[in-house]
Amino acid sequence: MKQIFSFIPLLLAWAAAANATPESELPLEATSPWSLNYTASSCELRRHFGENEGQILLTIIQDPKFGVLEIELITPRFSTIRVNRTGEYSFGNSAEKSKIYVSIHPDMEKEKSVWRIFGVNPDILTNGREDSALRIEVKEMANLNLQIGDLSEPAKAFKTCRLDLFKNLGWTLTCFQN
11 MKQIFSFIPL LLAWAAAANA TPESELPLEA TSPWSLNYTA SSCELRRHFG ENEGQILLTI
71 IQDPKFGVLE IELITPRFST IRVNRTGEYS FGNSAEKSKI YVSIHPDMEK EKSVWRIFGV
131 NPDILTNGRE DSALRIEVKE MANLNLQIGD LSEPAKAFKT CRLDLFKNLG WTLTCFQN
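Its first residue numbered 11, the sequence shown is counted upward by one per residue in this note's numbering.
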């Protein structure tokens with residue numbers, strides 16, 4: 011009987027935590043302007059969110075090896091093993107969620123976790139508004155909510171970079187002409 015009573019406070023604490031709004035659901039504000047890293051092999055649009063130990067680096071990547079957009083996040087480390095999971099993301103003020111595949115692995119040297127998210131819809135670059143947020147949910151692991159804001163100007167520079175990248179490779183892609 012004594013074991014049951016010692017277990018009750020643990021159950022109550024767990025129930026209270028389950029009903030609380032997780033801090034990760036609160037939007038993290040941007041702490042840097044957008045920057046474009048333009049190389050011969052990829053285009054990367056970057057921005058920092060949060061501060062100090064909780065800072066997150068968001069990178070939107072166009073790499074011709076994959077042909078689709080990819081998102082990389084560098085976050086505080088929360089796991090010491092590599093994890094491959096499915097998840098969902100939504101963008102802007104839409105409740106519509108898209109399925110994603112996420113690979114999260116620890117960077118032991120820097121005490122960070124590196125997230126690679128594949129198959130991101132390029133619409134995230136054109137549908138943004140001033141109050142747009144990128145919400146990422148990895149089932150049974152983590153939720154992120156980044157207040158990315160209006161992407162119209164950075165998206166123009168990123169589109170130019172993407173077109174030049176594919177042109178330099180000798181590819182003609184009409185899907186990027188819009």
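These are computed hints drawn from the structure, not numbers from a lab. Since the model is a prediction, treat every value here as computed from it, not as a measurement. Treat the hints with care, as some may be off.
Straight-line distance between alpha carbons at most 20 Å, and here's what the computed EDC-like set of lysine to aspartate or glutamate pairs gives [claimed, not checked]:
| hint | residue 1 | residue 2 |
| --- | --- | --- |
| 1 | 149 | 82 |
| 2 | 166 | 73 |
| 3 | 120 | 61 |
| 4 | 169 | 119 |
| 5 | 149 | 106 |
| 6 | 169 | 73 |
| 7 | 122 | 147 |
| 8 | 107 | 133 |
| 9 | 122 | 80 |
Simulated DEER-style distance windows between Cβ atoms [to be verified]:
| hint | residue 1 | residue 2 | range |
| --- | --- | --- | --- |
| 10 | 174 | 90 | 36 to 46 Å |
| 11 | 126 | 150 | 27 to 37 Å |
| 12 | 40 | 89 | 22 to 32 Å |
| 13 | 160 | 67 | 31 to 41 Å |
| 14 | 92 | 153 | 13 to 23 Å |
| 15 | 90 | 45 | 41 to 51 Å |
| 16 | 51 | 119 | 17 to 27 Å |
Ideal placement from N, C-alpha and C gives every residue a C-beta, glycine not left out.
Residue 120 and residue 61 were given as a pair; does the straight-line alpha-carbon distance stay at or below 20 Å? holds (16 Å)
Assess, step by step, whether the Cα of residue 169 is no farther than 20 Å from the Cα of residue 73, and give holds or violated. Distance ~13 Å between residue 169 and residue 73 Cα, so the pair holds.
Restraint status (C-alpha distance of residue 166 to residue 73 at most 20 Å): Between residue 166 and residue 73 the Cα gap is close to 17 Å, so the pair holds against 20 Å.
Would you mind confirming whether the straight-line C-alpha gap from residue 122 to residue 147 stays at or under 20 Å? The given pair, whose Cα atoms are some 18 Å apart, holds under the 20 Å limit.
For the pair supplied as a hint, residue 169 and residue 119, is the alpha-carbon distance within the 20 Å limit? Violated, because 34 Å separates the two Cα atoms, which is more than 20 Å.
Distance restraint between residue 149 and residue 106, which requires alpha-carbon spacing of 20 Å or less: holds (16 Å)
Go ahead and decide if the range 22 to 32 Å is satisfied by the Cβ distance of residue 40 to residue 89. holds (25 Å)
Supplied distance hint 41 to 51 Å, evaluated on CB atoms of residue 90 and residue 45: The hinted range 41 to 51 Å is violated for residue 90 and residue 45, with Cβ atoms some 30 Å apart.
Assess, step by step, whether the Cα of residue 122 is no farther than 20 Å from the Cα of residue 80, and give holds or violated. holds (19 Å)
Could you grab the alpha-carbon distance between residue 107 and residue 133 and see if it respects the 20 Å cut-off? OK: residue 107 and residue 133 at ~13 Å, within 20 Å.
Range agreement (Cβ of residue 90 with Cβ of residue 174, hint 36 to 46 Å): holds (40 Å)
Compare the distance between the alpha carbons of residue 149 and residue 82 with 20 Å, and conclude whether the hinted pair is satisfied. holds (18 Å)
Checked against the numbered hints listed earlier, the structure breaks hints 4, 11, 13, 15; every other hint is satisfied.
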